[in-house]
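Asker: The primary structure of each chain is shown beneath.
2 protein chains.
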Amino acid sequence: MTQQKTTSLDQAQSPYFFGIDVGGTGIKIGLTDDQGATLGYSAIDTLEPQGPADAMRRVAEACRGILGKLGLDPSRVVRAGLGTPGSQDIRKGMLIEPPNHPHWHHFPIVKSLEESLKLPVSYANDANAAAFGEFWIGTGKIHDSMVLLTLGTGVGGGVIIDNELVVGRNSFGGECGHMIIDPSPEARLCAWGGGRGHLEAYASASGVTARAREELQAGAKSLLASQIDKITAKRIFEAAEQGDPWSLKFIEQTGDYLAIGITSMVHMVDPGLVVLGGAMNFGGPNSPTGQRFLDSVRRGFEARTFQNVQAGTHIEFASLGADAGYIGAAGIARSDYHKAL
Amino acid sequence: MTQQKTTSLDQAQSPYFFGIDVGGTGIKIGLTDDQGATLGYSAIDTLEPQGPADAMRRVAEACRGILGKLGLDPSRVVRAGLGTPGSQDIRKGMLIEPPNHPHWHHFPIVKSLEESLKLPVSYANDANAAAFGEFWIGTGKIHDSMVLLTLGTGVGGGVIIDNELVVGRNSFGGECGHMIIDPSPEARLCAWGGGRGHLEAYASASGVTARAREELQAGAKSLLASQIDKITAKRIFEAAEQGDPWSLKFIEQTGDYLAIGITSMVHMVDPGLVVLGGAMNFGGPNSPTGQRFLDSVRRGFEARTFQNVQAGTHIEFASLGADAGYIGAAGIARSDYHKAL
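Protein chains in written order, with the numbering used here: chain S, 1 to 341; chain H, 1 to 341.
Keep in mind that a hint or two might mislead.
Identical copies go unnamed one by one, so any copy, or any two together, can satisfy a pair.
What the hints assert, rightly or not - Cross-link-like lysine-lysine pairs, in silico, DSSO-like; alpha carbons within 30 Å at most: (1) 221 with 92; (2) 92 with 339; (3) 118 with 249; (4) 111 with 69; (5) 249 with 111.
The set of hints was computed from the structure by calculation and includes no laboratory data.
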C-alpha cells in the first residue's frame with residue numbers, strides 16, 4: 001500500500017476506472033480516478049481450481065462492493081483494466097497457458113469479465129500492467145518512455161515507448177527476463193524451456209537461490225554455509241545486512257547480471273529510464289544493501305555502454321510496490337478510454 | 001536500384017517528399033510520391049571536408065535539379081526527410097560527433113537544410129531511416145512492427161513499434177549492434193569504446209574480418225588460408241560459394257551470433273518481423289550461401305526462444321538494398337506530414 005486507498009469523493013464528473021491484477025493466489029482490485037489515485041480497494045482469493053469464469057464473477061462482485069461502500073453511482077466507472085500472467089493473446093482477450101493457472105487455459109477472460117462487470121475491459125500482461133502503473137504515477141511519471149523489470153520468482157517486464165505499452169506481435173512484449181545474457185553452452189537453463197542464458201535464470205528469486213546454493217555447495221565461505229537447504233533471496237539479503245561478505249558480493253554479482261540485460265535493453269530502445277520492481281530487490285530503496293544492489297546495476301551498465309547514453313539513462317527502484325499491477329491495469333483502461341474519445 | 005527512378009507524373013495533387021541519405025562518401029537524394037514510389041533520383045559526393053553547410057546547399061541544388069528535370073512545380077513537395085549517421089540529437093536536429101564526418105561535428109544540420117531547401121525537414125539516424133524504408137515499402141510493408149539490422153562496416157538498426165520509429169531518449173534507439181551477446185571478460189571489444197561483447201564486434205564486416213583472420217592465423221584449414229591479409233566478408237562469401245567448408249561454417253557461426261542478439265530483441269519488443277539489411281549479407285536472398293546464412297540465423301533463434309514466439313516471428317532479408325535510406329527518410333517526412341494534417 002503506497003497510497004491512501006479510500007478518499008472522500010468530489011462529485012466532479014471525471015471518469016473512474018477499475019484495475020484488476022490477477023495473481024496465482026490472490027486478485028487485487030482497485031478503483032482509481034483519472035489521475036491514478038486509488039479511491040477504493042479490495043483483494044479476493046484467486047481460488048484457481050474453481051476456474052476463471054467463477055473468478056471473474058467474484059471480481060465483478062468485489063467491484064460492486066467497492067462502489068457500494070463508496071456510495072458511488074456505477075455510471076462513474078467507464079472502463080476496467082485486467083492484468084493476468086502469460087501466456088495470453090492480448091488482442092483476442094484470451095488466456096493461453098498461464099503456468100500457475102492450470103484450470104484457466106485457453107479461456108476468453110476479457111469476454112467473461114465484460115459480461116460479469118457490464119463494462120468494456122482492456123487487457124494486459126501482469127508485468128506490463130505493473131510497468132504501466134509505475135509509468136503512470138510511479139517512478140516513471142515524468143518520463144515518456146520506460147522499461148520495467150519485475151524481479152520476483154521470475155523476471156517479468158514491460159516496455160513503454162512514447163507513452164505506449166509495447167504489447168508485441170505474440171503478446172510477448174517486455175519479456176525482458178528472457179533476453180540472453182550468456183550465450184555459452186554451459187549457461188543456466190531457462191525454467192520455461194526457452195533455452196540457456198536467459199536473464200531470468202540469473203536474476204529471478206529462483207535463479208538467485210539456485211546460484212547461491214551452487215556456490216555454497218562448492219564451498220563459499222558465508223554465514224549461510226550451514227543452511228544451504230533453506231537458502232532464499234531474503235536470507236541472502238539478511239546475511240548481507242549483517243555484513244556477510246559473500247552475500248554482499250553475491251548480490252553485487254546479481255546486479256551485474258541485470259546490468260548485462262539492461263545494457264542490451266537500453267541499446268535497443270533507449271528509454272531514458274529503467275525501473276527495478278518486484279519483491280526480489282534485496283531490501284530496495286530503503287536499505288543500504290538495496291542501495292548497494294542498485295549501485296552494482298548502475299556500475300555494470302556504465303561499464304558496458306557509452307558515456308552519453310549512460311548520462312542520459314536513469315536506473316531506479318520502483319515506487320508502487322505490489323500495487324503497481326492493479327494501478328497500471330486501471331491506467332491502461334484509462335488510456336484506451338481517452339484514446340476512444 | 002530496386003525500382004524505376006523516373007516515372008511520368010500523374011497530376012493528382014497527392015504530396016511528394018524528398019528523402020536524403022547522407023553517407024561518408026556519397027549522398028543519395030530521391031523524390032517519392034505518397035506511396036513511396038521514387039519519381040526522381042540524384043547522387044552527389046559528400047565532400048566531407050567542405051563541411052555540412054556546403055553539403056546541404058548542394059543537396060538543395062540537387063533537389064531543384066530533380067524537380068527541373070521532371071518539370072515539376074516545387075509546391076508539390078511538402079516536406080523532406082534527412083538521414084545521417086550518429087551520434088546526433090534528433091529532437092534538436094543536431095549532428096553531434098559522427099565518426100566518419102570529422103568536419104561536421106556539433107552542427108545544426110536540420111536548420112541548415114531547411115534554410116537551403118525552403119522546406120520543413122524531418123530528421124533520423126541513417127539506419128533508422130533504412131528501417132523505415134523497409135517498413136514502408138520493403139520487406140516490412142505488411143507489418144505493424146519490425147526490427148531492421150543493417151549489416152555493414154558496423155551493425156546499425158532500427159526499431160518500429162506500431163508504425164512508429166523508436167528514436168530514443170538519447171537518439172540511440174535501434175542501436176542493436178551494441179546489444180551484448182557475450183558477457184565474458186575475453187569477449188570481443190566494441191570499436192567505439194562501448195566495452196566488450198557487443199553484437200557488432202561479431203557480425204559486422206569488420207568483426208567478421210577480424211574473427212576470420214584470427215581463426216585462419218590459428219591454423220583453420222580453408223581456401224583462404226594463404227590470403228589472410230586480404231580477407232574480407234566478400235572473399236569469405238566467394239570461398240563459401242566455391243564450397244570451402246571452413247567458410248560455410250564461419251558464415252553459419254556469424255548467423256548464430258546474430259541469432260543471440262535477435263532473440264534478445266524479440267523477447268524485448270516482440271516485433272513479429274526481423275529484417276537483415278546491409279551489404280554484409282553473404283550473397284543475400286539470391287544466393288545459396290545467403291540462404292544458408294539466413295537459415296543459420298533462424299535456427300539459432302529457434303534454439304533460444306519459445307515455440308509460439310518462434311512461430312509468430314519472421315526473419316527475412318531486406319529488399320530495398322542501398323535505396324532503403326533515402327526512401328525511409330522520405331517515408332519519415334511523409335509520416336510527420338500526415339500526422340500534422
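Asker: Hint by hint, work out which the structure violates, then give me just those numbers in ascending order.
Answerer: Violated hints: 1, 3, 5; rest satisfied.
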